[in-house]
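Asker: In order, the protein sequences belong to chains Y and V.
Here the first sequence stands for residues 1 to 129, where the numbers follow the working numbering.
Here the second sequence stands for residues 130 to 473, where the numbers follow the working numbering.
If you're looking for bench data, these hints aren't it; they were derived computationally from the structure.
All C-beta atoms in this analysis are idealised placements derived from N, C-alpha and C, irrespective of residue type, glycine included.
Misleading hints may appear alongside valid ones.
Stated by the list, open to error - Here are the simulated distance ranges between beta carbons: (1) Y:Asp126 <-> V:Ala255: 11 to 21 angstroms; (2) Y:Arg73 <-> V:Tyr332: 19 to 29 angstroms; (3) V:Glu334 <-> Y:Ile81: 27 to 37 angstroms; (4) V:Val263 <-> Y:Arg73: 53 to 63 angstroms; (5) V:Arg413 <-> Y:Ser86: 22 to 32 angstroms; (6) Y:Asp126 <-> V:Val263: 30 to 40 angstroms; (7) Y:Arg73 <-> V:Arg208: 37 to 47 angstroms; (8) V:Leu232 <-> Y:Gln91: 56 to 66 angstroms; (9) Y:Ser86 <-> V:Glu334: 23 to 33 angstroms; (10) Y:Ser86 <-> V:Ala249: 31 to 41 angstroms; (11) V:Arg413 <-> Y:Gly85: 15 to 25 angstroms.
Claimed, not checked - Partial list, computed: chain Y residues near chain V (C-beta under 8 angstroms): (12) Ile96; (13) Cys101; (14) Glu117; (15) Asp118; (16) Pro119; (17) Leu121; (18) Ala122; (19) Leu125.
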Amino acid sequence: MERDPGPRTSGAHPYVPQQPAPTRPTHRLQVSLSTTRPASGRTASPRSHAGPRRQAQETLDPQVPLRPQFRLRPGYDDALIRWLGSLSPRQRSRAIRTALCQYLADQSDHRPAEWQEDPDLAHALDSLF
Amino acid sequence: MIVGVDIGYGYTKAMGEGKQVVFPSVVGKSERIRYEEDIRRAYGTDDTPAMAFVTEEGDRFVGELALLQSRVQWTLLDRSRVEDPSARLLFLAALSELMGKGLATREFRVVTGLPVNWYADRDKIAAQWTGRHVLRRVNGEQIVHRLSIADVLVLPQPFGSLFDLLLSDEGQIADEDLARGRLGVIDIGTFTTDYVLVDALRYIEKGSGTIASAMSQACALVGRSILDTFRLDLRMHDVDRAIRRGQVTIYGEDRDIEWLVSPVLDAISAEILAHAATLWGDGRDLDAILVTGGGALAIAERIQHRYRHARTLPDPALANVRGFLKYGCRKWRPASQPGGQDGA
């Protein structure tokens, strides 16, 4: 998942692809989900032995970097809402769970050693008090 | 030693160097009949002596010891506590607990908090706490603790919870997405409920404030109902425990009090939500609302009915003091560490 490029700007949401929303979902996340489906054709169990980290890596879609801790807002996150709405409940649930796992991994273990705080945020925080 | 200290109306909380102290914010006159040895045997251990102190104002019990033993005991509920010797005693007692038995002298850098509307009093707190203090504990023998307070940083209380969520233990920003968001914090304490609004870590004054409606009000109403129903006269701390248990014990028999508590919490929630609506409207422009404080567990569910993006912080009663400590680590960690502002 790519890091947030910067503070929110008016007009474009940093977490929604800039291109017009596709009429048919083409996200890699959906493709990846289908690859995890067992040979029997049944949807993979949510309690897959792959583990959340591996599942997160397998289903990572850099074009749809979800922010699982924030709610989706109509008029602002429409592309994301349409895409999630096109999924079956089980796929939707797994997509959200996968994004959460990916988010947590990205926030902690996967942070590169040379990672540094966003200077604008750090300045805002240090100048608060 | 960098510490976070939160002197709440209900409980005093302190954290530093992996240690954590929580005790009721109650000071009482000492009882001389069963003093010294009995106190140590009953309430203290070799590592954690009982909280009995010799002060300029007289001999005092603090915390559980005061609640259990003192015939005269008090908790300060108004703004005057900022300058009251009892608040200073609670502060020093908390630091003394963190020191433990081994050390007699220690230097501290302290981050603490005040209700949002009382934040103008921060200089009084800093002036009263900074400097050298001598604390005499009585535990069979006198133990003298010499405390040197090098720095005191005072934050609006809800910022503690915000920092707890945003910062790592070392004080680095751990959740940048959240930090960039527009966030409301509702801190439901014992005597006050505080509201803070931040946008990309910028404090928004018009979206922040304090109301004097919180768990003490609920305790007073439930306490009166318990008295009317069961003829049981409980102090505020005992009512607080009864609310958490959902029961009182009458003649050895547990009696359910949920039916008394629920309507009171509904009324308190309505007042808290009304002020939130005044400050934030229906909250649709907020990325998240964080519910914290000792009253969060009792009230949060009702807040989520109104604001579906509200979420309760983990272990909300200690979230403020954890955040104070994290911000202190950020502020005063050695300059050699990344992001350090100055040397410790």
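Asker: With reference to the structure, classify each hint as holding or not holding.
Answerer: Consistency of the hints with the structure:
About 19 angstroms separates the C-beta atoms of Asp126 (chain Y) and Ala255 (chain V), a value consistent with the hinted range of 11 to 21 angstroms. As the Cβ distance of Arg73 (chain Y) to Tyr332 (chain V) is approximately 24 angstroms, the hint placing it in 19 to 29 angstroms holds. At about 34 angstroms, the CB distance of Glu334 (chain V) to Ile81 (chain Y) agrees with the hint of 27 to 37 angstroms. A hinted range of 53 to 63 angstroms for the beta carbons of Val263 (chain V) and Arg73 (chain Y) is consistent with their spacing of about 57 angstroms.
A C-beta distance of roughly 25 angstroms is found between Arg413 (chain V) and Ser86 (chain Y), which places it inside the suggested range of 22 to 32 angstroms. The hinted window of 30 to 40 angstroms between Asp126 (chain Y) and Val263 (chain V) holds, with their beta carbons roughly 34 angstroms apart. Roughly 40 angstroms separates the CB atoms of Arg73 (chain Y) and Arg208 (chain V), a value that falls within the hinted 37 to 47 angstroms. Between Leu232 (chain V) and Gln91 (chain Y) the beta carbon distance is about 58 angstroms. The supplied range of 56 to 66 angstroms therefore holds.
Separated by about 43 angstroms at the C-beta atoms, Ser86 (chain Y) and Glu334 (chain V) break the suggested range of 23 to 33 angstroms. Between Ser86 (chain Y) and Ala249 (chain V) the Cβ separation comes to about 54 angstroms, which falls outside the hinted range of 31 to 41 angstroms. Checked against the hint of 15 to 25 angstroms, the pair Arg413 (chain V) and Gly85 (chain Y) passes, with Cβ atoms roughly 20 angstroms apart. Given hint, Ile96 (chain Y) at the interface with chain V, is violated; its Cβ is 15 angstroms from that chain's nearest Cβ, farther than 8 angstroms.
With a least beta-carbon distance of about 15 angstroms to chain V, the hint placing Cys101 (chain Y) at the interface is violated under the 8 angstroms criterion. A hinted interface residue such as Glu117 (chain Y) counts as satisfied when its beta carbon comes closer than 8 angstroms to some beta carbon of chain V; here the least separation is about 5 angstroms, so the hint holds. Proximity of Asp118 (chain Y) to chain V holds as hinted, the smallest CB-CB distance being about 6 angstroms (cut-off 8 angstroms). A cut of 8 angstroms between beta carbons decides the hint on Pro119 (chain Y): the least distance to chain V is about 10 angstroms, and the hint is violated.
At about 5 angstroms, the closest approach between the beta carbon of Leu121 (chain Y) and any beta carbon in chain V falls short of 8 angstroms, and the interface hint on this residue holds. Hint on Ala122 (chain Y) holds. Least Cβ distance to chain V is approximately 7 angstroms, under the 8 angstroms limit. The beta carbon of Leu125 (chain Y) is positioned within 8 angstroms of a beta carbon in chain V (closest approach about 5 angstroms), and the interface hint is therefore held.
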